[in-house]
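Chain B: place on chain A using the hints.
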Amino acid sequence: MDEPIVIENLTKDFNAFKAVDSLNLTVKRKSFVGFLGPNGAGKTTTIKILTHLLSATGGQAYLNGVDVTKEPKKALVGVGAVVETPEFYPYLTPIETLQYLGTLRGMSQDYIERRSKEVLETVKMTEWSKTRIGKFSKGMKQRLAIAQAIIHEPHVLILDEPTSGLDPRGMVEVRNILKDLRKGDYTIFMSSHLLNEVQEICESVALIDHGKLLAYGPVATLVEITGSKDIEVRILQPLDSYVIDRVSHFDGVERIAPGEARQFTITFKGKEEDQAKLLSDLQTLGLKIVSFKETGMGLESLYMSLIKDSR
Amino acid sequence: MSEEANLTLPSDLAQSGIVVRYELLKHLRSRRLLGIFILEFAIIALILVIPPLQGQDYPSDSAKFAGMFVQRVWILIIIGSTLFAGDSLVSEFQQRTGYLLFPNPVKKRVLFVGKFAASAGVMFSALAVFYSIVAIIVVAIDGSISSLMAASFGLALLFAVAALAIGYLISSFMKGSTGALILTFALLLMILPIVDTVATLSKAKPDFSLTFSSGVIGYIMETPYPTDFVQNIDFGGRTFEFLNYYPDVSLSIIVALAYSALAITLAIWLFNRREMAA
Numbered sequence: 041m042d043e044p045i046v047i048e049n050l051t052k053d054f055n056a057f058k059a060v061d062s063l064n065l066t067v068k069r070k071s072f073v074g075f076l077g078p079n080g081a082g083k084t085t086t087i088k089i090l091t092h093l094l095s096a097t098g099g100q101a102y103l104n105g106v107d108v109t110k111e112p113k114k115a116l117v118g119v120g121a122v123v124e125t126p127e128f129y130p131y132l133t134p135i136e137t138l139q140y141l142g143t144l145r146g147m148s149q150d151y152i153e154r155r156s157k158e159v160l161e162t163v164k165m166t167e168w169s170k171t172r173i174g175k176f177s178k179g180m181k182q183r184l185a186i187a188q189a190i191i192h193e194p195h196v197l198i199l200d201e202p203t204s205g206l207d208p209r210g211m212v213e214v215r216n217i218l219k220d221l222r223k224g225d226y227t228i229f230m231s232s233h234l235l236n237e238v239q240e241i242c243e244s245v246a247l248i249d250h251g252k253l254l255a256y257g258p259v260a261t262l263v264e265i266t267g268s269k270d271i272e273v274r275i276l277q278p279l280d281s282y283v284i285d286r287v288s289h290f291d292g293v294e295r296i297a298p299g300e301a302r303q304f305t306i307t308f309k310g311k312e313e314d315q316a317k318l319l320s321d322l323q324t325l326g327l328k329i330v331s332f333k334e335t336g337m338g339l340e341s342l343y344m345s346l347i348k349d350s351r
Numbered sequence: 002m003s004e005e006a007n008l009t010l011p012s013d014l015a016q017s018g019i020v021v022r023y024e025l026l027k028h029l030r031s032r033r034l035l036g037i038f039i040l041e042f043a044i045i046a047l048i049l050v051i052p053p054l055q056g057q058d059y060p061s062d063s064a065k066f067a068g069m070f071v072q073r074v075w076i077l078i079i080i081g082s083t084l085f086a087g088d089s090l091v092s093e094f095q096q097r098t099g100y101l102l103f104p105n106p107v108k109k110r111v112l113f114v115g116k117f118a119a120s121a122g123v124m125f126s127a128l129a130v131f132y133s134i135v136a137i138i139v140v141a142i143d144g145s146i147s148s149l150m151a152a153s154f155g156l157a158l159l160f161a162v163a164a165l166a167i168g169y170l171i172s173s174f175m176k177g178s179t180g181a182l183i184l185t186f187a188l189l190l191m192i193l194p195i196v197d198t199v200a201t202l203s204k205a206k207p208d209f210s211l212t213f214s215s216g217v218i219g220y221i222m223e224t225p226y227p228t229d230f231v232q233n234i235d236f237g238g239r240t241f242e243f244l245n246y247y248p249d250v251s252l253s254i255i256v257a258l259a260y261s262a263l264a265i266t267l268a269i270w271l272f273n274r275r276e277m278a279a
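For the record, the sequence lines run as chains A and B.
Position one of the first sequence corresponds to residue 41 (the working numbering), numbered consecutively onward.
Position one of the second sequence corresponds to residue 2 (the working numbering), numbered consecutively onward.
So here's chain A without its partners, still in its complex pose:
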């Protein structure tokens, strides 16, 4: 199956509110696609429809060629999913949980035992394998959620904000697990509202807002299209309106946003030579520049401009 995930005209209405609006999206095999959008954009709703947690109002969503809205049992065979932060049965241990879900999926006991060891090793939960889940931390549960999603070696992995609510260490751990998964034969579709996360681990990105697809393509290509970046500038003297006005008229400057105290951010579009010229132009204004550094990524600029346009 070259395109394990195909979404066609998918629509979901919650009374008068259209959470997903005729969404079309195709995910190619062995790709890692980030599904990006602000809160309420329709990411989780789409993922819930894909994992049969919600019904669609209209359209189709194919997983490995089977429409999940019509034949969910068949469609979900080769799919692993982590939706929101799932809770586990507190009376079961990780090993028992994996056995339960593995048996439901038709795995043999030998296969479950072998894979349980492997996946618990992958998510670094081996030492907790026989402890009841009841008092596990959110990070441990999230790692276990990934383990259960991959125990049956699915071709398709659907992840909904897998680092949401985790502390920084937990986020790094989960991202490292996801990066490792890229080496396997997985097609991964992951929603997130964290731009840096998507840029760090995904190959392609689909931007969504108001339930509609705004842009879709390889991260590098999309970043190149925008060509703009945020540059944070810190100066010694206070920023005045004269400087703001002058800077806003420099070549390549799209906007200037004053920040805290003696700091401002310039959204800039141009090549490296243009960026070097900007620095020298700022100095010609008499500004005593302490630091001049890129902070925003291209993806963020694209995201902000597309989201702004769609609202």
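For the record, the hints were derived by calculation from the structure and aren't laboratory data.
Take these hints with a grain of salt, some might be off.
Listed below are the simulated DSS-like cross-link pairs for lysine-lysine, each with C-alpha atoms no more than 27 Å apart in a straight line [to be verified]:
#: 1; chain 1: A; residue 1: K113; chain 2: B; residue 2: K109
#: 2; chain 1: B; residue 1: K108; chain 2: A; residue 2: K110
#: 3; chain 1: A; residue 1: K110; chain 2: A; residue 2: K70
#: 4; chain 1: B; residue 1: K176; chain 2: A; residue 2: K113
#: 5; chain 1: A; residue 1: K175; chain 2: B; residue 2: K27
#: 6; chain 1: A; residue 1: K68; chain 2: A; residue 2: K114
#: 7; chain 1: B; residue 1: K176; chain 2: A; residue 2: K58
#: 8; chain 1: A; residue 1: K114; chain 2: B; residue 2: K108
#: 9; chain 1: B; residue 1: K109; chain 2: A; residue 2: K181
#: 10; chain 1: A; residue 1: K114; chain 2: B; residue 2: K109
#: 11; chain 1: A; residue 1: K70; chain 2: A; residue 2: K113
#: 12; chain 1: B; residue 1: K27; chain 2: A; residue 2: K170
#: 13; chain 1: B; residue 1: K27; chain 2: A; residue 2: K181
#: 14; chain 1: B; residue 1: K27; chain 2: A; residue 2: K157
#: 15; chain 1: A; residue 1: K113; chain 2: B; residue 2: K27
#: 16; chain 1: A; residue 1: K181; chain 2: B; residue 2: K108
#: 17; chain 1: A; residue 1: K175; chain 2: B; residue 2: K176
#: 18; chain 1: A; residue 1: K157; chain 2: A; residue 2: K181
#: 19; chain 1: A; residue 1: K164; chain 2: A; residue 2: K219
#: 20; chain 1: A; residue 1: K269; chain 2: A; residue 2: K333
#: 21; chain 1: B; residue 1: K108; chain 2: A; residue 2: K113
#: 22; chain 1: A; residue 1: K178; chain 2: B; residue 2: K176
#: 23; chain 1: A; residue 1: K164; chain 2: A; residue 2: K178
#: 24; chain 1: B; residue 1: K176; chain 2: A; residue 2: K181
#: 25; chain 1: A; residue 1: K311; chain 2: A; residue 2: K269
#: 26; chain 1: B; residue 1: K109; chain 2: A; residue 2: K110
#: 27; chain 1: A; residue 1: K178; chain 2: B; residue 2: K27
What follows is a list of derived Cβ distance ranges for each label pair [what the hints assert, rightly or not]:
#: 28; chain 1: B; residue 1: I183; chain 2: A; residue 2: P78; range: 37 to 43 Å
#: 29; chain 1: B; residue 1: G122; chain 2: A; residue 2: V212; range: 43 to 49 Å
#: 30; chain 1: A; residue 1: R69; chain 2: B; residue 2: N273; range: 28 to 34 Å
Every residue, glycine too, gets a C-beta built ideally from N, C-alpha and C.
For chain B alone, kept in the frame of chain A given last:
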């Protein structure tokens, strides 16, 4: 990917069996099952202790003696259905375990059947333990046992299924576990009995009521089986007429079956439609 990854899904029936196994594990590891056993022992101990404390002998007829115990079975069924059914479905949504279970290739009605069968299994076990202890006590004290106990046990199982079905129905639409538990308990212990009383006072026999019909579990131990009668009571110079109704055995069985079928069908339909929207 290994070759083993090309999985063949188990049949719906086999998946139900898997769900039963893990649901039973849940009940076995919970304090609720222990609680119901403690309650059983407490009820039996009280019934055994009270007559001697009041200077009374136990009934010489083994059926009557056993009847003292089995009349209390309905309260066990109410508590059991509250504990083993009341929050069984709603917890998947409220506790968010549905996010783990539902994205698996298993139909919701299969999950329902597995869960219900496990609840029924636990309830049947609790009732079997109760009737076994009562049988041992009756044989030990009276030296014989009435075959009517088997009939009472059969009726208790039937009414347990009906009460569990009510619990599952409530669990299928309630938003919170606590509310579902309270409503199940209150409905079976208070609301339906109040309806029974109101109907009786209105001179309408509440044959339609599950709680009224459940009386058959205890009455079946009486020989002859009690029949409806009118009781006149003089109070303050006036005569009041009280109707004493007893459930008909056949009709009670039909009522229990009807409640079970309707509640299960409705609960499956609601559970199937319910989504993880929150």
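To see whether the hints hold, each was checked on the structure:
no.: 1; hint: K113/A <-> K109/B; result: 10 Å, holds
no.: 2; hint: K108/B <-> K110/A; result: 12 Å, holds
no.: 3; hint: K110/A <-> K70/A; result: 25 Å, holds
no.: 4; hint: K176/B <-> K113/A; result: 26 Å, holds
no.: 5; hint: K175/A <-> K27/B; result: 16 Å, holds
no.: 6; hint: K68/A <-> K114/A; result: 20 Å, holds
no.: 7; hint: K176/B <-> K58/A; result: 24 Å, holds
no.: 8; hint: K114/A <-> K108/B; result: 10 Å, holds
no.: 9; hint: K109/B <-> K181/A; result: 24 Å, holds
no.: 10; hint: K114/A <-> K109/B; result: 14 Å, holds
no.: 11; hint: K70/A <-> K113/A; result: 23 Å, holds
no.: 12; hint: K27/B <-> K170/A; result: 16 Å, holds
no.: 13; hint: K27/B <-> K181/A; result: 19 Å, holds
no.: 14; hint: K27/B <-> K157/A; result: 24 Å, holds
no.: 15; hint: K113/A <-> K27/B; result: 25 Å, holds
no.: 16; hint: K181/A <-> K108/B; result: 25 Å, holds
no.: 17; hint: K175/A <-> K176/B; result: 24 Å, holds
no.: 18; hint: K157/A <-> K181/A; result: 17 Å, holds
no.: 19; hint: K164/A <-> K219/A; result: 14 Å, holds
no.: 20; hint: K269/A <-> K333/A; result: 10 Å, holds
no.: 21; hint: K108/B <-> K113/A; result: 7 Å, holds
no.: 22; hint: K178/A <-> K176/B; result: 24 Å, holds
no.: 23; hint: K164/A <-> K178/A; result: 14 Å, holds
no.: 24; hint: K176/B <-> K181/A; result: 24 Å, holds
no.: 25; hint: K311/A <-> K269/A; result: 10 Å, holds
no.: 26; hint: K109/B <-> K110/A; result: 14 Å, holds
no.: 27; hint: K178/A <-> K27/B; result: 22 Å, holds
no.: 28; hint: I183/B <-> P78/A: 37 to 43 Å; result: 40 Å, holds
no.: 29; hint: G122/B <-> V212/A: 43 to 49 Å; result: 45 Å, holds
no.: 30; hint: R69/A <-> N273/B: 28 to 34 Å; result: 32 Å, holds
Hint compliance for this structure: no hint is broken.
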